[in-house]
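Enquirer: Chain residues, written in single-letter form:
Number of protein chains: 2
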Amino acid sequence: MASASFDFAPLWAPSLPPPAAKWTGFPKYNFTGGNNDADHVPVDRLMAAATAVLAREGSTLATYGLESGPLGYRPLREFLAGKLKRTAGIACTADEILITSGSLQALDLVNGALLARGDTVLIEQESYQGALTRLARLGVNAVGIPLDRDGLRTDAVAAALDDLKRRGIRAKYIYTIPTVQNPTGTILSEQRRHELLRLSEQHHVPIFEDDCYADLIWDGRRPAALYAILALKTDAGSGALEQMVLAEFCASHFTDHVPRLTRGLRAKLETLMEALAEQFGTSAEFDDPKGGIFLWVKLPDAVDTQKLAQAALAAGVAINPGRDWSTQEAYGKSRLRLCFANPSTQAIREGVAVLADVCRREFGVPQRIANVERRARA
Amino acid sequence: MASASFDFAPLWAPSLPPPAAKWTGFPKYNFTGGNNDADHVPVDRLMAAATAVLAREGSTLATYGLESGPLGYRPLREFLAGKLKRTAGIACTADEILITSGSLQALDLVNGALLARGDTVLIEQESYQGALTRLARLGVNAVGIPLDRDGLRTDAVAAALDDLKRRGIRAKYIYTIPTVQNPTGTILSEQRRHELLRLSEQHHVPIFEDDCYADLIWDGRRPAALYAILALKTDAGSGALEQMVLAEFCASHFTDHVPRLTRGLRAKLETLMEALAEQFGTSAEFDDPKGGIFLWVKLPDAVDTQKLAQAALAAGVAINPGRDWSTQEAYGKSRLRLCFANPSTQAIREGVAVLADVCRREFGVPQRIANVERRARA
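Sequence order for the protein chains is G and W.
Heads up: the first sequence runs through residues 1 to 378, numbered per this note's numbering.
Heads up: the second sequence runs through residues 1001 to 1378, numbered per this note's numbering.
Chain G extracted, bound-state conformation (with noise of 0.2 Å):
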């Protein structure tokens, strides 16, 4: 009944981003996203907590919002003020937070709140991509700062606020992943945590922190957040039953769950890096990552990561190319983001023996495997 095709060119919106490729199933060895470990995900607790919700609650399903209005399930963001004030020093009430279908949801939420075309923000020169590709996409100059071990450097901050100042430009906000940076897993110590909250009052800047994943910290120690929080969602919720579910679960299970899942973590890790060290040698520089589920390296200026990637995916191994993770295209260059909790750990081997050899013949880096000399351990 359908005209077999339209011609829809001459109605696109102008400036629309290039079509999505087709999907075509996971590679072989895979590094890339935020994905997590399957062997991790604790289904029978959550089978558990779902028909308990369920058999409680269930036909609640039936109104937007539940019984809980617009911010989200109550139970939820109780059990999130009251896991805020414990780990991370938040104080807030359960009708100061605000349940969205995921952080890009938030992201959205909060540049739609601040961000005009042509404004400026700060944010950490190494990033997370879907918080970079926004910016770009709304237009607005994105100054990045650099980072060390200890994350977000504050006296780069403190230049570039004052840069800023004497160009008449006030800065929208300051985004920050302070505690297991995404993507170099630093922690922003304590001390400069007060001087960023010292620079933000002094210029009037807000700080936008976002916690992704500081409950994945090896020790379990973390410093208190930064923290600040704003809202305006037009949708009709965020998904209901996933609330309730999770809600259930974190209830019972949140303050086991997290330590198993980060020794877990902690030991895939250790494999990615022996794995590195074995089949790199010196070419592959990194730093132990505090906490999370991603490792940040360096490979020789010879190397292009982007070209590597697409080398690499012909061969089944996916690896995620650090320009897309930086503010300035030659610092990501020779970069890459491996995820390591998603691969088994022998795919994790595997996956890396088959990226050096890709790596090797493509840009003779590195030298074969009698030849690679030792990193010393950090």
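Some hints could be false.
[What the hints assert, rightly or not] Here are the simulated BS3-like pairs of lysine-lysine, each with C-alpha atoms no more than 30 Å apart in a straight line:
no.	chain 1	residue 1	chain 2	residue 2
1	G	Lys22	W	Lys1085
2	G	Lys85	W	Lys1268
3	G	Lys83	W	Lys1022
4	W	Lys1268	W	Lys1298
5	W	Lys1083	G	Lys22
[To be verified] Derived, one-sided and incomplete: chain G residues facing chain W with beta-carbon distance under 8 Å:
no.	residue
6	Ala13
7	Leu16
8	Ala38
9	Leu46
10	Leu54
11	Ala113
12	Leu115
[Stated by the list, open to error] Chain G residues, not near chain W, derived (Cβ > 12 Å throughout):
no.	residue
13	Arg170
14	Asp256
15	Glu278
16	Gln310
Please keep in mind that the hints were generated in silico from the structure rather than gathered at the bench.
Given the structure is predicted, the values throughout are model-derived calculations rather than measurements.
Here a beta-carbon is modelled for each residue, glycine too, at the ideal position from N, C-alpha and C.
Mind docking chain W on chain G? Use the hints.
Expert: Chain W only, in chain G's frame:
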């Protein structure tokens, strides 16, 4: 650690909507929104579906997109492809379906692909508030097309398209809810569907078909869909657990659940119409909707339903004023939309009685019960 107050006033983006009102719980008699009947939520079967799918595939929750990629959980898309073919005559593959976080996200995606500020679209004069407010916020001209008992007036569509052509304007789409229209409950006739498609091809204007309530038809029979589809979703996927449970449930139970739900809804509609006839007499005009969860009512011209809504809320009755569901304020001024699915049968009767009292107090109509002329049943 964070400063006690931070002045955001100088930082807000331009043209923000006003802050949302704080949610204060449900009114005693809630006729607003698209909520459904709590008694018809198939709780036991949802529990069984959740248990089964988690046991079988729960560990895939570790991966964004499960094992299905970015279009959404494959078994859900496969169920939908089969269901759309069977019920709506739509021939499409699972890979031509994108699962979104509610229909509002779908609206946002289509609008994002096609619309720029200053564009023009055609829309039913009485339509979905969510669609109307989005178009207003986007700065798009929404040309309202009248409806009658057979839905969208295609002669008026033809006239509007000719008029736009004379003015050198091409509409970006014709947005229609042809099968159980929101708010009127009408169904676009087959003849008009063919006519609309012909106009679409002639003027090269696509049809944006919204089939939200098309499954909830009293006699279970519906005309084939008009159908069209598009996507540029930048989040990490819609709620995974919900898609899994929904697919599991629907595979076994969709075809018996829907007729049962529909019978219950029809009974509630009868209750509402009887209550309106009893309390409002000829002051309340409405046509029998062919299905769905809403009744669209016209009160005498002297009644301003936005003021009525405010007064009624104070008395515990919530209604949707027609102004929010019309392209023209004047047209919607004395109309209101009532959702009959969510309140109980008793709440429907009591709520309508309270509403009539409030209306009489504020506007002098309807006359007192003893004097109410009985409305002839259509």
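Enquirer: If a hint holds in the structure, say so; if it doesn't, say that too.
Expert: Results for each hint:
1. As the CA atoms of Lys22(G) and Lys1085(W) are separated by approximately 23 Å, the hinted pair is consistent with the 30 Å bound.
2. Among the hinted pairs, Lys85(G) with Lys1268(W) is inconsistent with the structure: their alpha-carbon atoms are about 46 Å apart, more than 30 Å.
3. This hinted pair checks out: Lys83(G) and Lys1022(W) have alpha carbons roughly 24 Å apart, not beyond 30 Å.
4. This hinted pair checks out: Lys1268(W) and Lys1298(W) have alpha carbons roughly 19 Å apart, not beyond 30 Å.
5. Our distance criterion of 30 Å between C-alpha atoms is met by Lys1083(W) and Lys22(G), whose separation comes to about 24 Å.
6. Restraint check, Ala13(G) versus chain W: the minimum CB separation of about 5 Å is within 8 Å; hint holds.
7. The interface hint given for Leu16(G) is met, as the beta carbon of that residue sits about 7 Å from the closest beta carbon of chain W, less than 8 Å.
8. Satisfaction of the interface hint for Ala38(G) is found here, the shortest Cβ-Cβ separation to chain W being roughly 4 Å, below the 8 Å cut-off.
9. Taking 8 Å as the C-beta contact cut-off toward chain W, the hint placing Leu46(G) at the interface holds, the least distance being around 6 Å.
10. Because the smallest distance between the Cβ of Leu54(G) and any Cβ of chain W comes to about 5 Å, under 8 Å, the interface hint for this residue holds.
11. For Ala113(G), the shortest C-beta to C-beta distance to chain W is roughly 6 Å, which falls under 8 Å, so the interface hint holds.
12. Because the smallest distance between the Cβ of Leu115(G) and any Cβ of chain W comes to about 6 Å, under 8 Å, the interface hint for this residue holds.
13. For Arg170(G), the shortest C-beta to C-beta distance to chain W comes to about 8 Å, within the 12 Å cut-off, and the non-interface label is violated.
14. Interface exclusion of Asp256(G) from chain W stands, the closest Cβ pair being 18 Å apart, more than 12 Å.
15. The Cβ of Glu278(G) sits about 26 Å from the closest Cβ of chain W, beyond the 12 Å cut-off, so the non-interface label holds.
16. Distance to chain W confirms Gln310(G) as a non-interface residue, since its nearest Cβ pair spans about 20 Å, more than 12 Å.
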